[in-house]
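Residue strings, one per chain:
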Amino acid sequence: MAQSNETRSIQEPDQDSLSIPDGALQPGQILQNRYRILGVLGVGGMGAVYQARDMHFEDVPRLCAVKEMINLAQDHQLREQTFRNFRREASLLATLSHPAIPQIFDFFSFGDRAYLVMEHIQGKDLEAILNGSSQFLPIDQIIQWGIEICDVLSYLHNHRPEPIVFRDMKPSNVMIDHHRRVRLIDFGIAKTFQMGQPGTMIGTEGYSPPEQYKGEASPAADIYALGATLHHMLTRRDPRLEPPFSFDQKPIQAYNPAVPDDLAAVIMRSLAYNPADRYATADAMKQSLEALINGGNAITPQGNFTQTPDAPQADQPAAPEMKTALEERHAAPAVQHTPGRASQAKPAGMSNVLPIWTFKVEDAVRSRPLVHNDVVYVGSYDNNLWALEAKTGQLLWKYPTEAGIGSSPAYSGSTIFVGSSDRRLYAIEMRSGKLQWSYKTEGKIYSSPRTAAGMVFFGSDDGYLYALKPGASTGREVFKYPAMHPIRSTPVVDGERVFFGTDNGDFLCVDFSGDLGWRFQSRRRILSSPVIHDGIVYFGSDDWYLYALDIEMGMSVWRFRTRGEVISTPVIGDGRVFVGCADGSIYAVDLDNGRESWRYEVGEPVTSSPLFHRESVYIGAVDGALYCLHSKSGELLWRFQSSGPILSSPSIADDIVYIGSDDQHIYALPG
Amino acid sequence: MGFIRRLFKRDTASEAEKRVSTPAPKPIEPKTTAPLPPDEVDEQTPLQTRPLAPPKKFDSRRQQIKFASMSDIGQVRTNNQDACLAMMAKADMVGNPPPMGFFVVADGMGGHHDGELASTVTVQTLVQHIVQDVLLPQMEGFEPSADQKTIPEVLIEAMEAANQAVQAQVPNGGTTATCVVLRGDLAFIAHVGDSRAYLLNEGNLELVTRDHSLVRRLQELGQLTEAEAEVHPQRNVLYRAIGQGEALEVDTATRRLPPSSRLLICSDGLWGEIGDEAIMRIVRDTPDPHSTCERLIEAANLSGGHDNITAVLIQMPD
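Taken in order, these protein sequences are the chains called R and S. The opening position of the first sequence corresponds to residue 2 in this note's numbering, with each subsequent residue numbered one higher. The opening position of the second sequence corresponds to residue 169 in this note's numbering, with each subsequent residue numbered one higher.
FYI, nobody ran anything at the bench for these hints, they're computed from the structure. A hint or two may mislead.
[Stated by the list, open to error] Listed next, the in silico SDA-like pairs over lysine to any residue satisfying Cα-Cα at most 20 angstroms (straight line):
#  : chain 1 : residue 1 : chain 2 : residue 2
1  : R       : LYS481    : R       : GLU430
2  : S       : LYS317    : R       : GLU597
3  : R       : LYS481    : R       : ARG425
4  : R       : LYS125    : R       : PHE109
5  : S       : LYS317    : R       : ARG524
6  : S       : LYS317    : R       : ASP593
7  : S       : LYS317    : R       : TRP545
8  : R       : LYS251    : S       : GLN387
9  : S       : LYS258    : S       : ILE241
10 : S       : LYS317    : R       : ASP383
11 : R       : LYS361    : R       : ASP375
12 : S       : LYS234    : S       : PRO455
13 : R       : LYS251    : S       : GLU414
14 : R       : LYS125    : S       : GLU414
15 : R       : LYS125    : R       : HIS179
16 : R       : LYS251    : S       : GLU388
17 : S       : LYS317    : R       : ARG520
18 : R       : LYS399    : R       : ASP383
19 : S       : LYS317    : R       : ASP543
20 : S       : LYS258    : S       : ALA236
21 : S       : LYS317    : R       : ASP507
22 : R       : LYS251    : S       : LEU389
23 : R       : LYS399    : R       : SER422
24 : S       : LYS317    : R       : LYS125
25 : R       : LYS251    : S       : LYS234
26 : R       : LYS399    : R       : GLU430
[As the list claims (entries may be wrong)] Examples of chain S residues lying across from chain R (beta carbon under 7 angstroms, computed):
#  : residue
27 : PRO312
28 : SER313
29 : ALA314
30 : THR318
31 : PRO320
32 : ARG403
33 : TYR407
34 : GLU417
35 : THR420
36 : ALA421
37 : THR422
38 : ALA467
Note that the structure is a prediction, hence the values are computed from the model and not measured. All C-beta atoms in this analysis are idealised placements derived from N, C-alpha and C, irrespective of residue type, glycine included.
With the sequences and hints as input, model every part of the structure.
Here is the structure:
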C-alpha cells in the first residue's frame with residue numbers, strides 16, 4: 002500500500018519474510034530521503050527501534066530515534082483502519098508537551114510499515130537499571146522516580162478533551178536520561194496494531210490491573226501499573242513471573258525489609274484490586290509520595306507541570322513517621338520466601354530455648370548422634386565414641402580410638418559401628434562399650450557406616466567402598482568396590498544395591514555382588530550423603546547442585562542450583578527435600594518439580610544436615626545456632642545458640658533434639 | 169460396568185509372574201528379633217527414608233506403552249487452530265535405553281490463520297529441541313553426568329525457543345502448550361496456558377496441570393466461584409501463553425506413571441465441553457487409546473463442539 006508520492010530510498014522489504022531481523026533496516030539506509038539509519042537500538046514485538054541521523058542538519062549530528070511498526074493486517078479494510086489510528090495517535094502525541102514525554106518530530110508510513118521519528122533519549126530504562134545491579138536500589142531514588150511518573154501521568158490524565166491513559170506502565174517503558182530525569186517511552190502507539198478477537202487472550206505483563214481484561218482502560222489502570230512497577234523496583238520481584246494480582250500475598254517488606262511502612266502503604270493502596278479503592282488521581286498519589294521525602298515538604302526538583310488548577314482533593318494517608326522496619330530487624334537474618342508469607346525473624350544471637358542437659362567432651366563434635374534405646378552414641382574429634390544416657394546425659398561409657406571420629410555411629414543388633422580417622426572401623430558392644438572387633442583399611446574413615454541386609458557398608462579415604470558381614474569377633478569382607486577416590490559420604494542401601502558419592506564427583510550404584518550398576522558424574526566432590534525416596538535418589542555436590550536421579554539407571558530427573566557447595570545431606574518430608582548450603586541458605590525444594598518452595602537465609606554456611614520431624618526442620622549452622630523452621634513455610638519457630646560452629650547434624654527421639662557443636666558440647670533440647 | 173472392570177483387572181497369578189523383573193527387596197534382618205518401637209526415630213532407617221517397596225514397574229522388553237492422538241475442528245469453528253504430536257521410540261539394544269516418548273498439545277489463538285500458525289510453529293520448535301537434546305542422546309547411550317541437561321531443563325529451553333519463534337513469525341498469534349516427555353515410566357511435564365494434562369490411576373482422575381487463565385486466578389483469589397467461572401465471558405482469557413511476551417514462566421512437574429494408568433493431554437475444547445466426570449468415565453472404560461480419543465471427541469461434539477477438540481492419550485501397560 003505505498004503512498005505514491007513518497008520517495009522510497011530503501012529497499013522494498015521482502016514481503017514474504019515476517020521475521021523481523023531479516024527485514025530490518027540496515028545502517029546506511031535512508032528513510033524519507035532524510036533519516037539515515039545508524040543502527041538498531043532495540044527490537045520489540047512490533048518492530049525495531051533505530052538510531053538515525055536527521056540529514057536536514059548537515060553541520061551537526063542531530064540524532065533521533067526512529068520507531069518502526071509493522072502492520073501485519075491482511076485484510077485491506079483493517080490495514081486502512083490501523084493506519085488511520087496510527088496517524089491519529091501520532092498527531093495527538095505531537096501536541097503533548099511535558100519534560101517526561103519524548104518529542105515527536107515526524108511520522109510517515111508506506112508498505113506495511115509505519116515510522117515514528119522521536120527525540121533520541123540516552124539513558125537506561127528501569128528494567129536495565131535493575132538488571133545492572135544485584136542489590137536493592139536506593140529507596141529514596143525509587144520514590145523520586147515515582148513522583149516524576151505521577152507528575153506525567155497526571156498531565157496525561159488531565160488532557161482535554163479526553164484523558165490519555167498510558168496503558169503500558171512498566172519498568173522497561175520508563176527511561177532515566179543522562180540528566181537523571183524520568184522519560185516515558187513506548188507510548189501505546191503499538192496498541193493500535195493489536196487485534197482483538199473473541200476467545201483470544203490478552204497478554205498481561207503482570208503490571209496490568211484486573212479490569213484491563215474487560216477492556217476498561219482508565220486512569221486508575223495507570224495508577225495500578227505504576228504501583229506494580231514501584232513494587233518491582235523495591236522488591237526486585239518481577240510480577241510477570243508470579244500469578245497475577247497476587248501483590249497482597251507478597252508484602253513488600255518480606256522481600257526488602259528496608260522499605261518503610263508508609264511507603265509500603267502507598268504502594269499497596271495503588272495496587273488495590275478494586276479501582277475505586279486506589280488513589281483517585283495520579284496527583285493524589287504523587288502528594289502521598291512527596292510526603293515521604295523531606296518529612297512533608299512537597300518540593301520536587303523538576304517543578305510541577307500539572308496544568309489543571311483545581312485538581313480534586315484526594316485523601317492522603319496519615320503523616321508518616323520515618324521509623325524503618327530495618328531498625329526492628331537490626332542484625333536479624335533476612336527471611337526469604339518464594340510464594341510465601343512474611344515472617345519475622347527473631348533477633349540474632351539469642352536463644353529462645355534452654356537445654357535439658359549438656360555434656361562436655363574434649364574436642365569438637367562434628368557427627369550426628371545416634372539415639373537408640375534411650376542411649377545417645379556420638380563420636381568426637383577427641384578420638385572417643387561416647388555413650389550417654391539419653392534423658393539425663395549421664396556418662397555410660399566411652400571407647401577411645403586412636404584418632405578423631407568424624408563419622409556418625411550406626412548399629413545393628415547390639416553392636417555399634419563407627420569409623421575413625423585412625424583408618425579402622427570399630428564394632429563395639431552396645432551396653433558395655435567393649436570392643437568386639439575392628440577392621441583396618443588403608444585410609445582414614447570419615448564416611449559413616451550404614452547397616453542393611455545384615456551387612457555394614459562404609460567408605461574410606463583409601464578409595465574403597467566396603468561391605469562387611471559382622472560376626473561376634475570379626476567382620477568378614479563380603480566385597481570391596483574400588484571407587485578410586487576417597488569416599489566420605491555415607492552410603493545408602495535400597496533393594497540389593499548400595500549408593501554413594503566420592504571425592505571426585507562420581508555418584509555410584511554398586512550391587513551386593515560388588516559389581517557396578519551405574520555411575521553418574523557430577524562436576525565436583527560429593528560429601529553429602531544420598532537419600533532415597535520413591536525410586537529417586539537425592540544428593541548434593543560441591544558443584545552447587547542438588548541432584549535427583551532415578552535409581553534404576555542413574556538418569557537425572559531434575560537438578561536444583563544453589564549458590565554454593567551442597568555438603569549437607571538432604572532430608573525428605575512432606576513432599577519436599579530440605580538441604581543446607583554453603584551459600585548460607587537452607588532450601589526447601591518441591592519433590593515433583595525440583596523448584597524452590599522456600600529458602601531461609603542464615604547468612605553463614607550451612608554444612609550440616611537437616612532433620613525433619615513432624616512439620617519442623619532442624620538444622621545447625623556455622624554461626625553456632627541450631628534452627629527450627631516450619632517445614633511448609635520456612636518460618637523460624639525457634640533457635641538455639643551454642644558457642645561454636647555447628648557442623649554436625651541433629652537427631653531426635655521422644656521429642657528431644659540432640660546436637661553436638663564445635664564448642665565441645667552435646668546438647669539435648671526440647672523439640 | 170463391573171464386567172468391564174473385571175476384564176481389565178488382570179491381577180491373576182499367571183499375570184503376576186509375567187510382570188516386574190526386579191526382585192522384591194530382601195527384608196532387613198537385624199540380629200535381634202524385637203521389632204523397633206514405631207515412634208522411635210531409628211538412625212538406620214530414619215522416618216523419611218524408610219525403604220519403600222520399589223515402585224511396580226513394567227517390563228519394557230515384554231510390554232508396550234500404547235498411545236494415540238486425535239484432533240477435530242468441532243462444530244462451530246471454521247478452522248482448526250489446535251496442533252498436536254505424539255511419538256514413541258522403543259529400542260532393544262546394548263545399553264538398554266528405556267522407551268522414550270514425546271507428546272504435545274498446542275491450542276492456538278489469533279485472527280485468521282495466526283492461531284494455527286502459532287500452534288504449529290510451537291509444536292515444530294518443541295519437537296526439534298526434544299529430539300535433539302533428549303531422544304537422540306538417550307538412544308545413542310551415554311554415561312549420565314552433570315554435563316547433560318536434565319529433561320526439565322531441556323523442556324524449559326524448548327518452550328522459551330517456541331516463545332521466541334512465535335513472537336518472530338506470528339506476532340499477533342499465541343498458543344497454549346502442554347507437553348510430556350516420557351522416559352520409561354517417568355513423565356516430565358511442561359506447561360503454559362489452559363490446555364490440560366490429566367492422570368487417571370486406579371479410578372482417580374488427577375488434574376496435573378494448573379490453568380493459566382484469568383478465571384482460574386480469580387477463583388484462587390476467591391473472587392469467583394467455580395460456577396461463575398464456567399460461564400464467565402472472559403473464561404478464555406489467559407495470563408500466560410506462548411508468543412505473548414519475553415518473560416515466559418513454564419510450569420514443570422514429574423510424575424511416575426503406575427502400571428495401567430493413563431495420561432491424557434487435551435485442549436479446552438475437550439475439558440471445557442464435557443467436564444471431568446465424563447472424561448474420567450470414557451478414559452477409564454475404553455480399552456485402547458485410539459478408541460478413547462475417538463469417544464472423547466465424539467462426546468465433545470455431541471455436547472456442542474464449540475471449539476477445536478484435541479486429545480492425546482498415553483496408556484501404561486499393566
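Hint numbers not upheld by this structure, sorted from lowest to highest: 1, 4, 9, 10, 13, 24, 25, 32, 38
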